[in-house]
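Let the sequences and hints guide you as you build the complete structure.
Residue numbers (our numbering), protein chains in the order written: chain B, 1 to 332; chain H, 1001 to 1560.
Because the hints were derived from the structure by calculation, they are not lab data. Watch out, some of these pointers could steer you wrong.
A short, non-exhaustive set of chain B residues, derived as facing chain H with CB atoms under 10 Å [what the hints assert, rightly or not]:
| # | residue |
| --- | --- |
| 1 | F41 |
| 2 | F111 |
| 3 | R156 |
| 4 | L186 |
| 5 | A190 |
| 6 | T198 |
| 7 | R199 |
| 8 | G201 |
| 9 | R202 |
| 10 | Y205 |
| 11 | G209 |
| 12 | A212 |
| 13 | T216 |
| 14 | V221 |
| 15 | G276 |
With a straight-line Cα cutoff of 30 Å, these simulated DSSO-like cross-link-like pairs (lysine-lysine) come out [to be verified]:
| # | chain 1 | residue 1 | chain 2 | residue 2 |
| --- | --- | --- | --- | --- |
| 16 | H | K1221 | H | K1247 |
| 17 | H | K1358 | B | K222 |
| 18 | H | K1358 | H | K1511 |
| 19 | B | K222 | H | K1365 |
| 20 | H | K1523 | H | K1247 |
| 21 | H | K1511 | H | K1523 |
Predicted model, so just to flag it, every value in this text is computed and none were measured. Here a beta-carbon is modelled for each residue, glycine too, at the ideal position from N, C-alpha and C.
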Amino acid sequence: MSSITTSAPATSALAGLKRLADADKSLWLPISVVIALSAFFAVSTDSFATVRNLTAVSGQAGTLLIVCLGATFVVLLGSIDLSIGAIVLLVGAASVVLLNATGIGFAILIFAAALGAILGAVNGLIYVFGRIPSFVVTLGTLSVFTGIALQILDGRAIEYNDFALEAISIGQIVPHLPNIALWSLLAWAAVVAVASRTRFGRYMYIIGGGEAVARTSGVPVKRHKVYAFALSGLLAGVGSILAVARLGAAGPSLGSDLLLNSLAAIVVGGTSLAGGTGGPHRTLLGVLIIAILDNGLNLMGVSQYTQMVVKGAVVVAAVLISQERLKAVIIK
Amino acid sequence: MAPAVSFSSSAFGPIMTAHRGDFTGPAALVARGLTKRYGASLVLNDVGFEVGAKSVVSFVGENGAGKSTLLNILSGIVRPDGGTVEFNGRPYLPAGYGEALSLGLSRVFQEQSLIPNIPVYENLVLGHEHYFDRIRQFVDHRAMIAAAERIVAEAGIDVDVRRRTDAYDFSKRQSIEIARACLAPLLIAGQASPLVLLDEPTSALDRRDEEAFFALVSRLKAFASLIFISHRLTEVLAISDRVYVLKDGELVADRLASDTDEAGLHGLMVGRERDADYYHERRQRVLAPAAPAALSVRGLSSSGEYESITLTVHAGEVVGIGGLLDSGKSALGRGVAGVEAPEAGEIALADGQPVRPKITDLVRKGLGYVPAERLAEGIIPSFSVAWNISVAGGGDVMASRIGIWRNRLETTTADRFVRELAIASGAPRQICSRLSGGNQQKVVLARWLSRNLSILILDNPTRGVDAGAKEEIYGVIRRLTDAGVGILLITDELLELIGLSNRVFIMLRGKIVAEVPAPAENKPAERDLVALMLPQSDSAGVVPAFKPVTESFPLTEKAA
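See the structure below:
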């Protein structure tokens, strides 16, 4: 890893990466994909490796990251949350209307988080107590939440009139890093700590790895499943208000790209859809891959339609690779 | 690897005359050097045997001796790591059960493999559907029904093949399954000399159905060869020509049924007479009459599983529960542990206060539960030893009040038990799938030993565990009772049941039918316990699944 051109901070960053990747060897794959993609776009476009562009990328990735963090726990359980894009839309629409009607200012953050958590808990409760696959539950609520949101918006984009709110997303406490990216990185650090250092985090792995074992060992499985969905909703709510603050309005297309992008980021990061392996630390890498891919392809002038093809293929390929790895473990 | 040599051109040709008295023809199936290992444990080691044409060969052995693995290899479900098989003179290595079926082998599985929501006739022709295809895609149902009716008529079972399979009770479904395995190859596929594998076919049958089953076997012997597995040695001796004894994956004896008896077979199976020291019987605690209760259960019921169960386990006592597979003893264990909450009744632990029968609550009050299915419910194979041990501690020991996980305590705990129980992983970070069955089971035990237990429920704690680890597990159980923990032991292994328990309850169809004291100096005999487990043929409400047979098959004395 010693290169004559790298500066001191770069080498120490690399050393830190290496420590992390040594702890979990399979981390090398997403890390090298991030590096390879960055190198490719830096060489093939003039504008990718500019501060201006990277600031824009981090702003775009911020919403995706914060929304994916909670959903990672749901995937870790072996379940799936298809409705987070719809939660983002509904929370965004309701928040904007409430904000314009009452002028509660920053308290809207609490409202958004609470509404998100409630919507997520609804998913979780139906899933757990109705014994319906989470895929079906969240596919249904995806439609319900979207429908309610579009009724609130009446099909139009609604701007908010409290301009101070903007600062929470596009202000820059750290130069060149939009606040939305800063908050999402802090949220990431907190969620990684939750996953590795708390009972809740451990239970996510255990329930995903062996639900029957969890049950016969006295783990309150149902309760923790509901918690995971509520957390997923809560973080989607927070992500929603940050996205609205960044865009200046809530429109019908808010969150529409999150359905594929969130699952893509989680899976590409290396959290298995089968549950029990992976974790939120990996989701950061997945989000980077998806965000860089989106941005780079845009800069190269690749059409939206082709981008859809590429991203879909990336998701399927990521699942294929992770399955290969699982098989390898079993054979050994 | 022996080259595949053809013994004879036809299984029926009278090329070889009967040898050793009982055999009527050349070998239908010859296996040599069969070996299978799962990870570190060798489940079959260089096993070779012969099945004579038109004869019945039995395999006997304790649980985990390798009988089911052997049948899995023959039926193409498991691939051997070494060895050759010849079937009717040709090399035989099926890639799946479908291929085995097409080569003339069929099997009655230990667990029922009938599909419940389709008509009986579809189950009877399952795997042979292609004989009923018209223009490839359409199925000739009328021909199917006709073939199915021939099978049930030949087997002498009274069922309407057009009815849904789940309209019949367990015993009758078992009869249907046996009829399918025995007769479908002959009547549908037209195989002249099929081989039928019977894996514990009679464990779910009532006594009168059993007699009909034996009559069917004797009819089948006219054209088929059979491999039979059963724990009931009387049955084995009554229907077999030849008996092979498996022990810990090795073939330890090959006897003609006429040359041996039950006691002899039993001695060969366990490799010893019931050895008191193996179960540490001297360490069995003699309880004071006023010993405090560790668990009391009153009127526990769950419909279709168990009914009005009342029992007490005292501190330091091992209470065993025995019974047939369908006796409801495992379901009772799940109920008492609160894994599946019972519908009625009361459970109290050491403090005597009734508790909600939910495992999350019971675990925090000092209950532990070791399930029978180790790989499905006992351990998470892809997780480390340390994680598997700490699973049950999340509610109290392993996490602080606000839910911070105690990673350091987890590592030291795992370290301690890896050493104390000699878990052969060496390291707490070892992945459990790499451990042998015995070591995996020690990990499950460590999960509960690391907690402050007052009662431990064990469901078949030594299933699929090698002999050495078994003895260590028995040692752990005695250590727990020394510390005043009550043990509720549910097991299919009779010797274990007798050897470990202070008292034994026998369950039959969901009810406790007997309580047998088992003090160290006066252990009950296996025979007596077995007699209590079996349904009495004159008991009310038993409808014979078979039509009455005119000549009843001799059960107790061997066929001449």
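Cross-check of the supplied hints:
no.	hint	result
1	F41	violated, 36 Å
2	F111	violated, 26 Å
3	R156	violated, 44 Å
4	L186	violated, 19 Å
5	A190	violated, 13 Å
6	T198	holds, 5 Å
7	R199	holds, 4 Å
8	G201	holds, 7 Å
9	R202	holds, 5 Å
10	Y205	holds, 8 Å
11	G209	holds, 4 Å
12	A212	holds, 4 Å
13	T216	holds, 5 Å
14	V221	holds, 9 Å
15	G276	holds, 7 Å
16	K1221(H) x K1247(H)	holds, 27 Å
17	K1358(H) x K222(B)	holds, 12 Å
18	K1358(H) x K1511(H)	holds, 22 Å
19	K222(B) x K1365(H)	holds, 20 Å
20	K1523(H) x K1247(H)	holds, 24 Å
21	K1511(H) x K1523(H)	holds, 23 Å
In summary, the numbered hints that this structure violates are 1, 2, 3, 4 and 5.
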